[in-house]
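Chain A is already provided as a structure; the job is to place chains B, C, D and E with the ligands on it using the hints.
Listed below, chain by chain, are the residues.
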Amino acid sequence: MSEFAIDAQRLARRYGRRWALADVTFRVPPGSVVMVAGRNGSGKSTLLRVLATAIRPDNGNASIFGFDLVKQREDVRRAVALLSHYSYLYESLTAKENLQVTADHLGVSRDSIPALLDQVELGPRADDAVATFSAGMRKRLSFARVLMQKPRVVLLDEPYGQLDPPGFALVDEVVSALKARGTTVLMATHQLERGAQQSDLAIFLEEGRLQWSGKAAEAPLGATR
Amino acid sequence: MSEFAIDAQRLARRYGRRWALADVTFRVPPGSVVMVAGRNGSGKSTLLRVLATAIRPDNGNASIFGFDLVKQREDVRRAVALLSHYSYLYESLTAKENLQVTADHLGVSRDSIPALLDQVELGPRADDAVATFSAGMRKRLSFARVLMQKPRVVLLDEPYGQLDPPGFALVDEVVSALKARGTTVLMATHQLERGAQQSDLAIFLEEGRLQWSGKAAEAPLGATR
Amino acid sequence: MDYGNNRFPRTPYILIAIGVALFLTGSYFGLFVAPPERYMGEVQRIMYVHVPTAWNALLAITFALVCAIIFLFKGEFKWDARLEASIEVGCLLAFLLCCQGAIWAKPTWGVWWDWDPRLTTTAVLLFAFLGILTLRKFVDDPVKRGVWSSVATIIAYVDVPIVYFSVRWWNSLHQLQSSPETVSSQFYIPLRVNAFAILFLMTGFIMLRARLASLRLAQEVAPPPMLAEEVGETA
Amino acid sequence: MIGALRKELLLQWRTRTQFMAVFIFGATALLLFSFGVGPNAEILRQFSAGFLWLGLLLSSTLTLAESFHSEMENRALEGLLLLPADPRALYYGKALANWIQLTLLGWALVPVMVVLYDAGTNRLPSLLLIIALGAAGLSAPGTLYGAMTAQIRAKQTLLPLLLFPLIVPALLSSVKATSLVILGDPMHALGSWLMLLGAFDAIYWALCGLLYGRVVED
Amino acid sequence: MIGALRKELLLQWRTRTQFMAVFIFGATALLLFSFGVGPNAEILRQFSAGFLWLGLLLSSTLTLAESFHSEMENRALEGLLLLPADPRALYYGKALANWIQLTLLGWALVPVMVVLYDAGTNRLPSLLLIIALGAAGLSAPGTLYGAMTAQIRAKQTLLPLLLFPLIVPALLSSVKATSLVILGDPMHALGSWLMLLGAFDAIYWALCGLLYGRVVED
Ligand code: HEM
Ligand SMILES: Nc1ncnc2c1ncn2[C@@H]1O[C@H](COP(=O)(O)OP(=O)(O)OP(=O)(O)O)[C@@H](O)[C@H]1O
Ligand SMILES: Nc1ncnc2c1ncn2[C@@H]1O[C@H](COP(=O)(O)OP(=O)(O)OP(=O)(O)O)[C@@H](O)[C@H]1O
Ligand SMILES: [Mg+2]
Ligand SMILES: [Mg+2]
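Residue numbers (my numbering), protein chains in the order written: chain A, 1 to 225; chain B, 1001 to 1225; chain C, 2001 to 2235; chain D, 3001 to 3218; chain E, 4001 to 4218.
Read the hints as simulated data drawn from the structure, not as lab findings. Worth double-checking, as some hints may not be accurate.
Stated by the list, open to error - Which residues of chain D face chain C? A partial, calculated answer using Cβ under 7 Å:
1. Thr-3017
2. Ala-3021
3. Ile-3024
4. Thr-3028
5. Ala-3041
6. Val-3115
7. Leu-3116
8. Asp-3118
As the list claims (entries may be wrong) - Here are the simulated lysine-lysine pairs, BS3-like style, with alpha carbons at most 30 Å apart:
9. Lys-2074(C) - Lys-1096(B)
10. Lys-2106(C) - Lys-71(A)
11. Lys-2144(C) - Lys-71(A)
12. Lys-2074(C) - Lys-2137(C)
13. Lys-1096(B) - Lys-2137(C)
Even glycine gets a Cβ: it sits at the ideal position worked out from N, Cα and C.
Isolated chain A, as found in the complex (with noise of 0.2 Å):
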């Protein structure tokens, strides 16, 4: 089992009475870029973060690296990192401040923050309140947050959201990079173009079910235009 990165297995997630989520099994050897596509709705930002940990799966079951996500979670937590819609910032502090109290925690040295704010060209902001940072800004300092944890997954939503075209470009280096390292990178996007050709393999979502899964290179791009 332990040879995928990812191996999910009938994962289903409800809200209420509506399965954002329903029934979605696929594996993912390690190294693999994975591009997840779908329509607005079709249950991205919810497949990322059940299997982040952050919200639990109703049904099936999934795992990282042969770590159960309900029964290993700090496991699982130790390998992953998640990109999410929220920045899991804290408005109130600074971007350096944000990015040390996430070393503090990670228990990691503090001396790479600085590097790090400069890879995601904040470092003259570094010393500026989050309250004050614009929309890119923010995704930016949360991207630094994803880098900081070294993780042996990572998955990213809409990375390229809110980001201007040196930023895009930014998370393109970025993501070869993790690949080169042999990071597992799962990426939720729109910018299908741009994210099949960062991929290896892409999964398309339709009303939170399995529409298509295949290589990256053979993805339907059009099809759900």
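Just chains B, C, D and E with the ligands now, with coordinates in the frame of chain A:
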């Protein structure tokens, strides 16, 4: 003066000590579609919020069809509609009820609501609370809200953000339709190619200053990359 | 997961019938056979429901605690349903207790309410568990609802004996407690009968209420409509 | 304004469990006051009017804060202002809705007070009227300050802070009137207290409506 | 846990105006209580302990709500849990920080009480100790319930609703101990009250720490 849809003179706005918008001057003839581009934090959202009278300018002024931004706020507001980073939606009300509230306050009939909901593909979810909506679905509903206002000037802040590919097409269609109707459109976006294709004119901001303005077709799309 | 059985529930109705019968018997003895009390006279007969109500209210809440602990460990929704049922019935009994007590207190003590340990504890218990019931109304997610109300139940339950003792301490310097009277055997029979009557009634109601909660939960936690067609694999 | 009121009532209806919660909160507050004072039945009865109004005051901050929570979550209020909606209509819609809710709340707390503090009265209609008038005195400035404080951090803290001192005259008159109703009114002073309360209400409702526009605009 | 505490203190430092605001709120509440009771100096002094604790209790819900506001705005708490951070460390960090803030607040309210209610004491160290112990009894369950209610709508309402009944024992003992310190303690009962309070604190701090993990996880 009233020959221009938007006539901004040395517009400036500060947050604390930082000038988010500094000395921006430009004019937009009626009926044109203008792309506003720039890096993260360059002041695009601030510009749009100032023009929509959501925040006051700290310096300079602008007029919308001859109405002064500060002194004739009511008239400006009747002429302008803003699609903001904020969704302006009540979480506990349903999609339909949100539009009803808008209609009531606009003093227009509620009859157009079902058609609007269908246009943004939220018909089947009309009676679900906004709290249960995904990121893209909220954007769509905000979009419907803007369309209901039947404005003379539309300000769109990242209209493509969070939408799926069919959503992109929808935005393009709507913008074309608005243009055909003679509506002026200002659109802040990071999707430079797509935006430039839709636009007649383009404005590039950098750290709150006007860096470039001119025909969209001649815009230096690669330069900010 | 257990969604509660779907048979027609006969047991609770039988229990309730027995409870009603016992209650009528007990009340007959209490109202017509037992002699009036020496100091308080006829009002005192309210004791025959008051004391059994008190016992059973505490019993219901204790059962709620058991449900809460089991739910936290096992996560089976039937325990959540029972938790909800027993808190609700417990609150109802506690409320009735306060009403009966107040009716009794007015002629006896001259006021509707007094701050002696028992009364205070009952009030705190009632408010604490009403709070939990309200909390349940605000949480849509069944798992969260179950976990949170279990946690709150445990804390509230631990709180109640503490309140009892602290109030006793608090009052001990202020005023003397009303002295407990020795209960003679003529009072004893209707008291016992009614205690069992209310126990049966309570059990019946809890079972019915739990069933109702189960049915609602069954919709909330039903498994997804599975796809018949084969699902693709990425590998 | 009818549109605004309709919206408010719809929002309140959607969050109606909130009303239940505020009520239980108010009842709990009444219970706690009696703890604070200790087990002295006579004194409790004497202070029952004051405690009722304190309880209602505390509950009102919850109602008010919640009422602006929906507006601020996605900046819905800004959205309405940009339509443009008339700020005065928005104000009176919300103030009316809050007034209705607070009045109902006050009425619902009366039985609790009667039981806990042994504070019965045979002039129930007067009591209900006093509560309605007092609630009007709370909701008018409360709605204004609610809007002000909802826009800044630490809203829960600042709202009561600004509101309480302003509310004092209305509160004092309400307490006084209530206590006359409960403890007896040998000098027939109730009428003049009600007049005073009515006057406060008129001033607040007129003044706050005028100021609201300035408060909610940038 | 040190990391968690450091974070909390940093957050509190950033929002330190909040502390000031809560203090003024508490002081206003004390003032209002005296209005509610009326101008009877002797009774005021007698109930001063109760009112001090009621004021502190009401202020505490503000502190607690605010403390989870920062966590919920961008779901920062979820972000920490996913790192993974130990929920128990997060709990004790926050509970400690809240305890510190409430203790300081209580100490700051003492002079207000002395002035308003004429309730002086020559046993100041005991009073400060009582306040610290009582604040511990508030902050432990308060932090747990704050986490719970921050995740749902109507948080401002539900927090006090759930918290107040639970607080009764800690509140009663604190009130009792405080009034012994203010009004005199002829029977030397203070020690046993402090013991009782300490016992509650121990129970709550242990129990709530255990249960916190279940509350913050989905
Ligand atoms: C856990 C809750 C309670 C228990 C176990 C309880 C138990 C009892 C018992 C055993 C008696 C009879 C003993 C006697 O005759 O003195 C009694 C009497 C009484 N109870 Fe309760 N009770 C509870 C709650 C209440 C409440 C909430 C009230 C509300 C006011 C109340 C009011 C009274 C009154 C007025 C009497 C008679 C007073 C007297 O004899 O002095 N009780 N209770
Ligand atoms: N908190 C929630 N409560 C109730 N329903 C929800 C919640 N979050 C999501 N949903 C529902 O679940 C479904 C999937 O939502 P999800 O956010 O996963 O979509 P998505 O694919 O990420 O969409 P988008 O591209 O718009 O971000 C939608 O129908 C949505 O309405
Ligand atoms: N509420 C605020 N308080 C303080 N500073 C702010 C605030 N909003 C924006 N700023 C600052 O103003 C500048 C411009 O922000 P703005 O949101 O207009 O940028 P933007 O061009 O829309 O960026 P993005 O592409 O990321 O959305 C930024 O430096 C930002 O930090
Ligand atoms: Mg999404
Ligand atoms: Mg922006």
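When you check the alpha-carbon spacing of Lys-2074(C) and Lys-2137(C), does it fall within 30 Å? 23 Å, holds
Measure nothing beyond the straight line between the CA atoms of Lys-1096(B) and Lys-2137(C); if it is 30 Å or shorter, mark the hint as holding. It holds: about 25 Å lies between the C-alpha atoms, which stays within 30 Å.
Does Lys-2106(C) pair with Lys-71(A) here, judged by a C-alpha cut-off of 30 Å? The hint is violated at about 57 Å.
Tell me if Ala-3041(D) is really an interface residue toward chain C, meaning its C-beta lies closer than 7 Å to one of theirs. 5 Å, holds
Against chain C, is Thr-3017(D) within 7 Å by beta-carbon distance? 5 Å, holds
Is the interface hint for Ile-3024(D) satisfied, with its Cβ closer than 7 Å to some Cβ of chain C? Status holds, d = 6 Å.
Under 7 Å, Cβ to Cβ, is where Val-3115(D) needs to be relative to chain C, so tell me if that hint holds or is violated. 6 Å, holds
Measuring from the C-beta of Thr-3028(D) to each C-beta in chain C, is the shortest one below 7 Å? 5 Å, holds
Once the shortest beta carbon distance from Leu-3116(D) to chain C is found, is it less than 7 Å? 6 Å, holds
Regarding the hint that Ala-3021(D) lies at the interface with chain C, is the smallest CB-CB distance below 7 Å? Cβ of Ala-3021(D) sits 5 Å from chain C, so the hint holds.
For the pair we were handed, Lys-2144(C) and Lys-71(A), check the Cα-Cα distance against 30 Å. 17 Å, holds
Interface hint status, Asp-3118(D) versus chain C (Cβ within 7 Å): 5 Å, holds
When held up to the earlier numbered hints, the structure conflicts with 9, 10 and fits the remainder.
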